[in-house]
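K.L.:
Single-letter residue listing:
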Amino acid sequence: MSAMDLDQPGAGWASGPQFDPDLLRLYYARLFPYDQWCKWMAYNSDEPGTGSQLARRELSLTLADDVYIRYQCFTNAKEMKTLMTKRQPHKIDIGAVFNCVPRDHLSVKNFRPESRELVFDIDLSDYDDVRTCCQGATVCKKCWQYMTCAVKVCESALREDFGFEHIVWIYSGRRGVHCWVCDETARELTNDARLAIIKYFSVVSGNENQAKKTQLSSPLHPSLERAYRLLEPLFVEHVIGENGQGLLASSERWETLLKTLPEEIGGQISKHWEKNGNDTSPLEKWEALKGLCVSEKPNQAKKQKRTSVPELWKYETVFSQCYPRLDENVSKHRNHLLKSPFAAHPKTGRVCVPFDAKKVSTFDPTTVVTLRQLAYELDQHSGDDVLDLDKTSLAHSVRFFEKDFLHPMMRAWGRARRDDAEYAAALKGDF
Amino acid sequence: MLVGNRRSTARASAAPSQRVTVSLYEKPPREEMTLEEFEVFAVDRLKVLRTIDALRQKGFKPKELEAELAPVVRELLPLASAGPQAPSDARKDSVSHFILRLAYSRSEELRRWFLTQECALFRHRLSRLRGDGFARFLREHGLRFEEVPDSERDARVTSLARIKNYENVPAQTATYYRVPFLEAIDLIGRREVYLEKGYAYVPQAKLHSIVVSRFRASLSRSLAKASGSLAAAAADPRLGPLLTNVEKHDLERQDVDDDDIEGITPEQIDALADQSMPLCMQQLHYALKRDHKLKHWGRQQYGLFLKAAGLSMEDQLRFFQAEFTKIMTHDQFSKEYAYNIRHRYGKEGKRTEYSPYGCYKLVMDMAPGPGEYHGCPYRHFDADHLAAVLSKTSLDAGEQSLVLGKAKERNYQIACQRHFEFAHKKQTVNGKKVVANLDGVGNHPNAWFKASRVYHQDLHAAEHPEEAKAKEEERAKGIAAANQSQVEGMVLAN
Ligand SMILES: [Zn+2]
Numbered sequence: 001m002s003a004m005d006l007d008q009p010g011a012g013w014a015s016g017p018q019f020d021p022d023l024l025r026l027y028y029a030r031l032f033p034y035d036q037w038c039k040w041m042a043y044n045s046d047e048p049g050t051g052s053q054l055a056r057r058e059l060s061l062t063l064a065d066d067v068y069i070r071y072q073c074f075t076n077a078k079e080m081k082t083l084m085t086k087r088q089p090h091k092i093d094i095g096a097v098f099n100c101v102p103r104d105h106l107s108v109k110n111f112r113p114e115s116r117e118l119v120f121d122i123d124l125s126d127y128d129d130v131r132t133c134c135q136g137a138t139v140c141k142k143c144w145q146y147m148t149c150a151v152k153v154c155e156s157a158l159r160e161d162f163g164f165e166h167i168v169w170i171y172s173g174r175r176g177v178h179c180w181v182c183d184e185t186a187r188e189l190t191n192d193a194r195l196a197i198i199k200y201f202s203v204v205s206g207n208e209n210q211a212k213k214t215q216l217s218s219p220l221h222p223s224l225e226r227a228y229r230l231l232e233p234l235f236v237e238h239v240i241g242e243n244g245q246g247l248l249a250s251s252e253r254w255e256t257l258l259k260t261l262p263e264e265i266g267g268q269i270s271k272h273w274e275k276n277g278n279d280t281s282p283l284e285k286w287e288a289l290k291g292l293c294v295s296e297k298p299n300q301a302k303k304q305k306r307t308s309v310p311e312l313w314k315y316e317t318v319f320s321q322c323y324p325r326l327d328e329n330v331s332k333h334r335n336h337l338l339k340s341p342f343a344a345h346p347k348t349g350r351v352c353v354p355f356d357a358k359k360v361s362t363f364d365p366t367t368v369v370t371l372r373q374l375a376y377e378l379d380q381h382s383g384d385d386v387l388d389l390d391k392t393s394l395a396h397s398v399r400f401f402e403k404d405f406l407h408p409m410m411r412a413w414g415r416a417r418r419d420d421a422e423y424a425a426a427l428k429g430d431f
Numbered sequence: 001m002l003v004g005n006r007r008s009t010a011r012a013s014a015a016p017s018q019r020v021t022v023s024l025y026e027k028p029p030r031e032e033m034t035l036e037e038f039e040v041f042a043v044d045r046l047k048v049l050r051t052i053d054a055l056r057q058k059g060f061k062p063k064e065l066e067a068e069l070a071p072v073v074r075e076l077l078p079l080a081s082a083g084p085q086a087p088s089d090a091r092k093d094s095v096s097h098f099i100l101r102l103a104y105s106r107s108e109e110l111r112r113w114f115l116t117q118e119c120a121l122f123r124h125r126l127s128r129l130r131g132d133g134f135a136r137f138l139r140e141h142g143l144r145f146e147e148v149p150d151s152e153r154d155a156r157v158t159s160l161a162r163i164k165n166y167e168n169v170p171a172q173t174a175t176y177y178r179v180p181f182l183e184a185i186d187l188i189g190r191r192e193v194y195l196e197k198g199y200a201y202v203p204q205a206k207l208h209s210i211v212v213s214r215f216r217a218s219l220s221r222s223l224a225k226a227s228g229s230l231a232a233a234a235a236d237p238r239l240g241p242l243l244t245n246v247e248k249h250d251l252e253r254q255d256v257d258d259d260d261i262e263g264i265t266p267e268q269i270d271a272l273a274d275q276s277m278p279l280c281m282q283q284l285h286y287a288l289k290r291d292h293k294l295k296h297w298g299r300q301q302y303g304l305f306l307k308a309a310g311l312s313m314e315d316q317l318r319f320f321q322a323e324f325t326k327i328m329t330h331d332q333f334s335k336e337y338a339y340n341i342r343h344r345y346g347k348e349g350k351r352t353e354y355s356p357y358g359c360y361k362l363v364m365d366m367a368p369g370p371g372e373y374h375g376c377p378y379r380h381f382d383a384d385h386l387a388a389v390l391s392k393t394s395l396d397a398g399e400q401s402l403v404l405g406k407a408k409e410r411n412y413q414i415a416c417q418r419h420f421e422f423a424h425k426k427q428t429v430n431g432k433k434v435v436a437n438l439d440g441v442g443n444h445p446n447a448w449f450k451a452s453r454v455y456h457q458d459l460h461a462a463e464h465p466e467e468a469k470a471k472e473e474e475r476a477k478g479i480a481a482a483n484q485s486q487v488e489g490m491v492l493a494n
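Line by line, the protein sequences give chains Z and P. For the first sequence, full-length UniProt numbering puts the final residue at 431, and the numbers step up evenly by one. For the second sequence, full-length UniProt numbering puts the final residue at 494, and the numbers step up evenly by one.
FYI, nobody ran anything at the bench for these hints, they're computed from the structure. Heads up, a few of these hints could be off.
Said to hold, decoys possible - A partial selection of chain Z residues facing chain P, derived with a Cβ cut-off under 8 Å:
| id | residue |
| --- | --- |
| 1 | Thr62 |
| 2 | Cys134 |
| 3 | Glu160 |
| 4 | Gly163 |
| 5 | Lys199 |
| 6 | Tyr200 |
| 7 | Pro219 |
| 8 | Pro222 |
| 9 | Glu225 |
| 10 | Tyr228 |
| 11 | Glu232 |
| 12 | Val236 |
Note that CB positions come from ideal geometry on N, CA and C, so glycine has one too.
Taking the hints into account, I'd like the entire structure generated from these sequences.
P.N.:
See below:
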């Protein structure tokens, strides 16, 4: 893109394509954070050159002319930049770390993936049966709150249950989020272990040929109990009200929910709300429904049973609306490809930026920086005596990535090394 | 292990008072034995492992599996813990394990199969230890676990009480062990254990599961090592043929021979889907026609099936492109999907030929998620959806409920076979008997497809004898003409 386009009156980054080959060239030449990316993927490995984790990592690139090339690799940031500026990939996907340099995959016997981060892919299009504001590829601030729900639940389980620490969340560039768990234990997980973890997280099952349902049993597992505590307030705030998805804000919507209650009770409430429904708020309605739930006693009288709702109903309702829906296939296998952080999405031009999981609810996917915006910002500050990155709003994302994810992880590597050294010294002392 | 021609009896007998426990198979036996014994042992163990496999394919849970498995193990691989039989039982168990470990180390697929069944057998054995049997097992193998101190247990008692405990010991008094979560993977997958900061709190009643996972990890490593020594063992003139024989007893062959299958073209597929595809492939075909897309595993399952059914790579590209481009541009299609189709035919990437999925894989490995239609309908549809799908077939109500019943009993492959039989009945047309060949039907979707096509071709021939006759004459003429020209050629050459 030339500076002229921008100098014309009324021109800014908001109009025109947000992604094109020229913008991409500029991005790869001046802004892509190669150093940070490579520091991350090297995982503290000592081996220089082709033995390092970084060198054995597969990247697959999709080029402009529809060509899809797999098994790309490099040993340092400089080589990575050379590769990107030469190939100008429209898509960058990260694969596994293999037992040898991926370039040699045809000549090496026993070529196999050795490690890979534990990754989650959560996509808003999997919520199409519950969201009312958008469908398919579109996203707005309202339905983004399903991502808030997902991030909160996954974060708590990954950190509190599994004890993982080095987790980074990435906006996928369009309608979802990716989670990268980078602790050594997570990277070394076998496929079986990944499958077990995915099952531990899965609550909403079913598809077009199995009725969608949450399979819960009482008492709830402690992890699900915690998920409910996290989700219920979000459910109240973003799902039931008029300003959210409106589940309890109109008779048409609440009728579908009432159908999930035992028939007699559902019918009674339906009649009642038909008359007086406008007198109560969605929150009051939810409180009333929750009040009907009683824990089942084995020797309950029949009469009582007909007028009571099983306790699990409230959990099932909240979970079927907003418990995270993970794309299992992405997480199950070590050699599944996933879009690289800091790549740009070719459909939207938005950069796949990291975001703070604690502030996910205020993250706005519709204002994430695009390649065109970056080009504009570079141009605006062309005379400034600072790094190219610092002329743009991408700086904020890169600094966050360093401060919140990369540096803590590097400090932990340092600690682990000191421990190893001390341990080795102690052993020597013993003998 | 040495294989001799005479059995050395001296070493096999041990003091009758010696007590044995379930083995972790850490040391291979060092003793002589006859070749006959060697083979009998291996085949007996294989029978046990295949029984386990069959039960698991039917979806039996560990508890149910136990009851079914017990008599089989008692007959073929007994393991007396004491008494005169104990030493020889232990010997057979150990020898047969090591033979199969070697024979099944050949490929990744065989290793995985062996590992899965052996772990199930091991779990079964542990579950049958009585009295202090389990404690003794732990002691003898030096397995130790970190016991959670009472004070730490009490601090977590509300969380621990939320986990179902097999033995109904209240959390307040139960004994818990703390293990890194990686050792409790099975329990985690079933959400049957409390996790905190990377550690699993395992009640004593579930410690079996942790031991099994250690067993699995060590066996998996041993299998990888065994594959390295397989070549040397297979070169032994006495051992080699035996190892190969053992492997011949392996998983039902999933290849379909493609001797006289005619190829298919994209234009035929709609009709063939209705006429000759098993439910699993029909589902994928109809979903593709309706949505103009299939997710990854659906494309994989259906694409490999079509390839084996005789669709050429160019035709497969054309076929998928025609559907997909109803909702995307040609550019998008070639960018995102064409590579994988060429890959399926070994034209891209690793250039390996992929074989189509058999029923075993579809039932065990291919559970579909939202928006996905792959897998085995008998296994992965709930009863209502399966009934709805069956009601659209040519089967009558009685036949439908019979098939449905088989699926409910978790005999998925038998359900599929019955469906085939009902849809391809023996009949006599114009004095000609038309009978379907059931070879492989219920084991592989392509076998189903092929058998159905042959049946319909035979039926067509019987219904139109004049056409068949004409074809026959045509062929005879062709051969005659070819012979003629050959003769002429020879004459000319002379
Ligand atoms: Zn929306």
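K.L.:
Taking the earlier hints as the rules, which of them does this structure contradict?
P.N.:
2, 10, 11, 12
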